[in-house]
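Colleague: Sequence:
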Amino acid sequence: MVLIQINIISDIICPWCYIGYRSLQKAIALYQKTYPGGSSDEFKISWKPYFIDQEAPSESIIIQGMSYRMLRRMDPKQVQAAQTRLKRAGAEMGLSFKLGAYIGSSRLAHRLLFMAEKEKGPEKQCEVAELLFHYQFEREADTSKLHVVIAAGVQAGFREDEVRDWLEESNASLLEIEKEAKEVRAAGITGVPHFIIGERHHLDGVVDLSEFFQALIEARQRNEDGLRLDALS
-16 MVLIQINIIS DIICPWCYIG YRSLQKAIAL YQKTYPGGSS DEFKISWKPY FIDQEAPSES
44 IIIQGMSYRM LRRMDPKQVQ AAQTRLKRAG AEMGLSFKLG AYIGSSRLAH RLLFMAEKEK
104 GPEKQCEVAE LLFHYQFERE ADTSKLHVVI AAGVQAGFRE DEVRDWLEES NASLLEIEKE
164 AKEVRAAGIT GVPHFIIGER HHLDGVVDLS EFFQALIEAR QRNEDGLRLD ALS
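Read in order, the letters of the sequence shown are residues -16 to 216 in the working numbering.
In case anyone wonders, no lab produced these hints; they're calculated from the structure. There's no promise every hint is true.
[Stated by the list, open to error] In silico DSS-like pairs for lysine-lysine, Cα to Cα no more than 30 Å straight-line:
| # | residue 1 | residue 2 |
| --- | --- | --- |
| 1 | 16 | 103 |
| 2 | 162 | 103 |
| 3 | 128 | 101 |
| 4 | 31 | 9 |
[As the list claims (entries may be wrong)] Here are the computed distance ranges between Cβ atoms for each label pair:
| # | residue 1 | residue 2 | range |
| --- | --- | --- | --- |
| 5 | 197 | 145 | 19 to 27 Å |
| 6 | 25 | 191 | 21 to 29 Å |
| 7 | 37 | 60 | 41 to 49 Å |
| 8 | 83 | 113 | 14 to 22 Å |
| 9 | -16 | 104 | 27 to 35 Å |
Cβ atoms here follow ideal geometry from the backbone N, Cα and C, with glycine treated the same way.
Make a model of the complete structure from these sequences and hints.
Modeller: Below is the structure:
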């Protein structure tokens, strides 16, 4: 059995991050089904914060799938073409994107992700991430709103009062999130999604399933080589 660490640098308001995560899930399932010994391997997935719009917007906008930065440099035809491509890519991953809701700051969503991992571990954090993406892009819910993020937390199994406390009172978590996001940019990561597989293999953007699959194999082989060296020392 080998443990493969995967870090996902992501922003909840990025629909391509949702698509990328779904592609990763499919690659892991294929790996566990087809790669020799893969069915016994374990994966630890951790989500790291990134803010597409570094300056938190003062209010939400009604064009989904687009950050403020993107909208400033696109005309209406380009926006429509980008959204058509987005819907098509989502459908290929089994996602039904709806782009008629508002999109705003992702800071509340990142706080819930941070606390989910801290309180319940990486598996619960993955569950929360998928729920937040689902609310934002398939249920047309604005995840910059407190009641939406609370609803996602409750659906993930947390009590409403504890989620509300995390989001309204825990300034320490926000400071830690802001620190992590700055460290990500300082490391040279300037866009999302960004995947780090096995601590060494970096993949940017929407990665093809076959690329993920190969990265998982290489991560496993590096782990096996490390275990053999440990046994010889």
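Colleague: Does the structure keep residue 128 and residue 101 at a Cα separation of 30 Å or less?
Modeller: Holds. Residue 128 to residue 101 sits at ~22 Å (cutoff 30 Å).
Colleague: Using the Cβ atoms, figure out if residue 37 sits within 41 to 49 Å of residue 60.
Modeller: Check failed, 27 Å falls outside 41 to 49 Å.
Colleague: Using the Cβ atoms, figure out if residue -16 sits within 27 to 35 Å of residue 104.
Modeller: Between residue -16 and residue 104, where Cβ atoms are some 18 Å apart, the hint is violated.
Colleague: Would you mind confirming whether the straight-line C-alpha gap from residue 16 to residue 103 stays at or under 30 Å?
Modeller: holds, 27 Å
Colleague: Does the alpha-carbon distance linking residue 31 and residue 9 stay inside the 30 Å limit?
Modeller: holds, 21 Å
Colleague: Residue 197 and residue 145, beta-carbon distance inside 19 to 27 Å?
Modeller: violated, 41 Å
Colleague: Would you say the C-beta atoms of residue 25 and residue 191 sit inside 21 to 29 Å of each other?
Modeller: holds, 24 Å
Colleague: Is it true that the C-beta distance of residue 83 to residue 113 lies inside 14 to 22 Å, as the hint says?
Modeller: About 21 Å separates the Cβ atoms of residue 83 and residue 113, which means 14 to 22 Å holds.
Colleague: Decide if the proposed pair is consistent with the structure: residue 162 and residue 103, CA atoms, cutoff 30 Å inclusive.
Modeller: holds, 22 Å
Going through the hint list in order, the structure does not satisfy hints 5, 7 and 9.
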